[in-house]
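> Given the coordinates of chain B, assemble chain L onto it according to the supplied hints.
There are 2 protein chains.
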Amino acid sequence: MQYQNDLILRAARGEAVERTPVWLMRQAGRILPEYRAVREKLSGFIELCTTPALAAEVTIQPVDILGVDAAIIFSDILVIPEAMGLPYEMQESKGPFFPKVITSAADIDALLATDAADHLTYVYDAIELAVKELNGRVPLIGFAGAPFTILAYMIEGQGSKTFSKARRFLYTEPVLAHRLLEKITLATIAYLKRQVQAGAAMYQIFDSWAGVLPPDQYREFSLRYIKQICEAVPQVPRTVFSKGAFFVREDFNNFPCETVGLDWNMDIGESKKIIGPHKTLQGNMDPCALYLSEEQIRVKAKEMLDAFGTQSHIANLGHGLYPDTDKTKVKCFVDAVKEFGVKK
Amino acid sequence: MQYQNDLILRAARGEAVERTPVWLMRQAGRILPEYRAVREKLSGFIELCTTPALAAEVTIQPVDILGVDAAIIFSDILVIPEAMGLPYEMQESKGPFFPKVITSAADIDALLATDAADHLTYVYDAIELAVKELNGRVPLIGFAGAPFTILAYMIEGQGSKTFSKARRFLYTEPVLAHRLLEKITLATIAYLKRQVQAGAAMYQIFDSWAGVLPPDQYREFSLRYIKQICEAVPQVPRTVFSKGAFFVREDFNNFPCETVGLDWNMDIGESKKIIGPHKTLQGNMDPCALYLSEEQIRVKAKEMLDAFGTQSHIANLGHGLYPDTDKTKVKCFVDAVKEFGVKK
Numbered sequence: 054m055q056y057q058n059d060l061i062l063r064a065a066r067g068e069a070v071e072r073t074p075v076w077l078m079r080q081a082g083r084i085l086p087e088y089r090a091v092r093e094k095l096s097g098f099i100e101l102c103t104t105p106a107l108a109a110e111v112t113i114q115p116v117d118i119l120g121v122d123a124a125i126i127f128s129d130i131l132v133i134p135e136a137m138g139l140p141y142e143m144q145e146s147k148g149p150f151f152p153k154v155i156t157s158a159a160d161i162d163a164l165l166a167t168d169a170a171d172h173l174t175y176v177y178d179a180i181e182l183a184v185k186e187l188n189g190r191v192p193l194i195g196f197a198g199a200p201f202t203i204l205a206y207m208i209e210g211q212g213s214k215t216f217s218k219a220r221r222f223l224y225t226e227p228v229l230a231h232r233l234l235e236k237i238t239l240a241t242i243a244y245l246k247r248q249v250q251a252g253a254a255m256y257q258i259f260d261s262w263a264g265v266l267p268p269d270q271y272r273e274f275s276l277r278y279i280k281q282i283c284e285a286v287p288q289v290p291r292t293v294f295s296k297g298a299f300f301v302r303e304d305f306n307n308f309p310c311e312t313v314g315l316d317w318n319m320d321i322g323e324s325k326k327i328i329g330p331h332k333t334l335q336g337n338m339d340p341c342a343l344y345l346s347e348e349q350i351r352v353k354a355k356e357m358l359d360a361f362g363t364q365s366h367i368a369n370l371g372h373g374l375y376p377d378t379d380k381t382k383v384k385c386f387v388d389a390v391k392e393f394g395v396k397k
Numbered sequence: 054m055q056y057q058n059d060l061i062l063r064a065a066r067g068e069a070v071e072r073t074p075v076w077l078m079r080q081a082g083r084i085l086p087e088y089r090a091v092r093e094k095l096s097g098f099i100e101l102c103t104t105p106a107l108a109a110e111v112t113i114q115p116v117d118i119l120g121v122d123a124a125i126i127f128s129d130i131l132v133i134p135e136a137m138g139l140p141y142e143m144q145e146s147k148g149p150f151f152p153k154v155i156t157s158a159a160d161i162d163a164l165l166a167t168d169a170a171d172h173l174t175y176v177y178d179a180i181e182l183a184v185k186e187l188n189g190r191v192p193l194i195g196f197a198g199a200p201f202t203i204l205a206y207m208i209e210g211q212g213s214k215t216f217s218k219a220r221r222f223l224y225t226e227p228v229l230a231h232r233l234l235e236k237i238t239l240a241t242i243a244y245l246k247r248q249v250q251a252g253a254a255m256y257q258i259f260d261s262w263a264g265v266l267p268p269d270q271y272r273e274f275s276l277r278y279i280k281q282i283c284e285a286v287p288q289v290p291r292t293v294f295s296k297g298a299f300f301v302r303e304d305f306n307n308f309p310c311e312t313v314g315l316d317w318n319m320d321i322g323e324s325k326k327i328i329g330p331h332k333t334l335q336g337n338m339d340p341c342a343l344y345l346s347e348e349q350i351r352v353k354a355k356e357m358l359d360a361f362g363t364q365s366h367i368a369n370l371g372h373g374l375y376p377d378t379d380k381t382k383v384k385c386f387v388d389a390v391k392e393f394g395v396k397k
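As you go down the protein sequences, you meet chains B and L in turn. Each position in the first sequence, counted from 1, maps to that position plus 53 in the numbering used here. Each position in the second sequence, counted from 1, maps to that position plus 53 in the numbering used here.
Bound conformation, chain B alone (with noise of 0.2 Å):
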């Protein structure tokens, strides 16, 4: 596909561009007034999710609104769960919920591998539509959690401060947790070819709870599942961002993706010294930084681009956007970027 704005895809593949490329992790969600005004009309985020029309409407609000390089779909990375066989509830104020666990090898026996990806067509719907809606303006991500932080949720069945349950079955049932780490990761891949064949121009990797493993644990039982993700899905650029791994970003110096997102505890110098020169960075200013003045927000936008410097790179926050953020602030960053992002 012809886009009037490619600066993103170029950026990732680590080519030239007049300026650095910007969106935002949940730029699509509770920061817009008109994803509000969808949303309240509806039953639930998962009803959103799992119809297309809507989830393309509100994946395409912040390109028109905010005038970022890339629209994500708006969809969430537990359809995935969802799909296999454990169905979650989103409950507003306290997030995902799954009334059934993990907790025995017949539960993971029971569980779809590759045809889940089947039972997700009102993402694709939905993809399709964003993308004749968009008509090449801008491209579209796709995505999907990695395989440990979708096992994570299995097991815990919520969010958790020390996700020590998903731990401890890690150290105690190794064998069973490698089993549903490769059934989910199946699942993964055919779900990403599929939002690819849908329209997706790049896609990209979330590890939410990466930093709550030790680095021995974390490359036996994330990092080589995110590897054989990205090696069955190469057609299009690739982002991982494992948040909070600090301690294996030297494994992506040799990795199968193109780009590697930060979080705002990486120090962009130090990042770059050890990730290396060929790889995109994303990333990664503070998303509290967006409570600043926009004179403030201005200055912060531009110290990160400096540090960033001649590496490729996509700007974006160091995570997703807290709901509480004021659109015209957000807005400045974007503008921010725009402005102090064209290269000399």
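Please note that a few of the clues may not be correct.
[Claimed, not checked] Quick list of in silico lysine-lysine cross-link-like pairs, DSS-like style, CA-CA up to 25 Å:
| # | chain 1 | residue 1 | chain 2 | residue 2 |
| --- | --- | --- | --- | --- |
| 1 | B | Lys325 | L | Lys326 |
| 2 | B | Lys380 | L | Lys214 |
| 3 | L | Lys326 | B | Lys214 |
| 4 | L | Lys326 | B | Lys326 |
| 5 | B | Lys325 | L | Lys325 |
| 6 | L | Lys218 | B | Lys382 |
| 7 | L | Lys384 | B | Lys218 |
| 8 | B | Lys147 | L | Lys325 |
| 9 | B | Lys382 | L | Lys214 |
| 10 | L | Lys382 | B | Lys214 |
No wet-lab data here; the hints were simulated from the structure. What you are looking at is a predicted structure, and each value in this text was computed from that prediction instead of being measured.
Leaving out everything else, chain L in the frame of chain B:
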């Protein structure tokens, strides 16, 4: 005072020891049936903290039952905000809750600083009782929260996944944040001095939420206040445990403390290189590894000791014990350190 076992003090000072000393964060707590027996008779956690005879009793339990090389006074980091003027409640399943939080300059001005330490005589009494009862068997460790972690609770009013309210406060009200941190620092200095006078032979500063800040903010809003405390109370060995703050390990190279705590995310070899040979390191087995079999725990403990090698080392976990850990597994870890930690 003369101790029958002063391994931990000598290790903290970087002196030669016959074997690696060992203790565990949260060793006095729910993992011991003997603790639960005391706790069940009371109205709650706070009654136990504020009753010196009982606090001293549970402080000593792990020395008797687990054979650790130090006691740590049974208390909570949140006694400081309470003594400064912000009382907290401890809700069994949800953790601490502050009915009143800090929202303005007037709120900060109303707090006690140095004088707050006068309201914590129950802690000093408990230390005196425990030290008397221990009768020189092992040293007793005092402790306090780092000012940033205390500020985080004072602003949020409870635990949080992101601590975004507290972080917002640092960004938008830096002058007030520093004013509050200075007051907490003064209170903490007076508090630790009194703990030392009461018999604490060393102390640890817990910065439990260090990991939520970007490096520059961590240096500005946390590390400088920890430094101020360490410089003001140099009479006994000082341990700093900044959980999650992998990004400031280099700063500890030249920091006014004897021991640096590592969490289980931090690679031991890398941390030794970054922090340097002149600090004692404490940690850092994953608390979840105690869900393994006894045989496997012994292997893990030996691997940890081998990785610390000739560096001065105090064995511990990389975080507090999880409440559902089996007491016999904890004892197994302690015994393994005693067996494999013998110096040739």
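> Where does the structure disagree with the numbered hints, that is, which hint numbers, in rising order?
3, 8
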